[in-house]
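K.L.:
Given the sequences, and given the hints that come with them, work out the whole structure.
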Amino acid sequence: MRAQLMAYFQSTQLCGQRLLRAFATGLGVRSDYFLTHVDKPVSRGALIYYPPRSSEPDVAEFGAAPHSDFGTLTLLAQDEVGGLQVKDKSGVWIDADPIEGTFVVNVGDLLARWSNGRFESTPHRVVNPLGQERYSVAMFVDPNWDSVVEPVTLAGECAKHKPVGCVDYIMDRYDEAFAYRNKEEPPDGGAEELNRAH
20 MRAQLMAYFQ
30 STQLCGQRLL
40 RAFATGLGVR
50 SDYFLTHVDK
60 PVSRGALIYY
70 PPRSSEPDVA
80 EFGAAPHSDF
90 GTLTLLAQDE
100 VGGLQVKDKS
110 GVWIDADPIE
120 GTFVVNVGDL
130 LARWSNGRFE
140 STPHRVVNPL
150 GQERYSVAMF
160 VDPNWDSVVE
170 PVTLAGECAK
180 HKPVGCVDYI
190 MDRYDEAFAY
200 RNKEEPPDGG
210 AEELNRAH
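Using the numbering used here, read the sequence shown as starting at 20 and increasing by one per residue.
Quick list of simulated restraints, FRET-style, between CB atoms:
1. Arg21 / Ala174: 46 to 56 angstroms
2. Glu139 / Phe197: 21 to 31 angstroms
3. Ala198 / Arg49: 30 to 40 angstroms
4. Ala198 / Ala22: 30 to 40 angstroms
5. Ala26 / Glu99: 16 to 26 angstroms
Simulated from the structure, these hints should not be mistaken for lab results. Just so it is clear, CB atoms sit at the ideal spot from N, CA and C, and this is done for glycine as well.
P.N.:
Shown next as structure tokens:
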């Protein structure tokens, strides 16, 4: 299984690099502009399982709450069940129905910054299908840890964002998203019980 996963990971990274060439061309810069930042990337992958949604009204609606991805690009392979939704420019959530043999490609927040807003990060969510399990494989194509993401500007254009280090940006976003993990909860009985224990 490990060998197959590594082969899949490497193939999707090559696919991501080809896409980054296309994005660079779209911005009017050298086609290898982004590639100089992905020779030792912090890319990662995730095998994601979504349990079936219950009909009970108190069960959370989302398998993944609305969010945008932190990095550069996401290549998502989804099964035939569906459930992925993306938010269009008018604020309406639309289904991203699975198409066999294809990836869903999401622009991440770093690429949106890098492109000075020309490419927009895609808000998305997963609505667990009623009574059905869902599986997906997400591959996140990100820059090197030490890369500095500086907006690409055209003549006469101002940068909409300050340059930011890849590692700083991604770690800050993780800290924001998972801030609850850093909070220490007192045991049952609260602070009074803690004080008696010392």
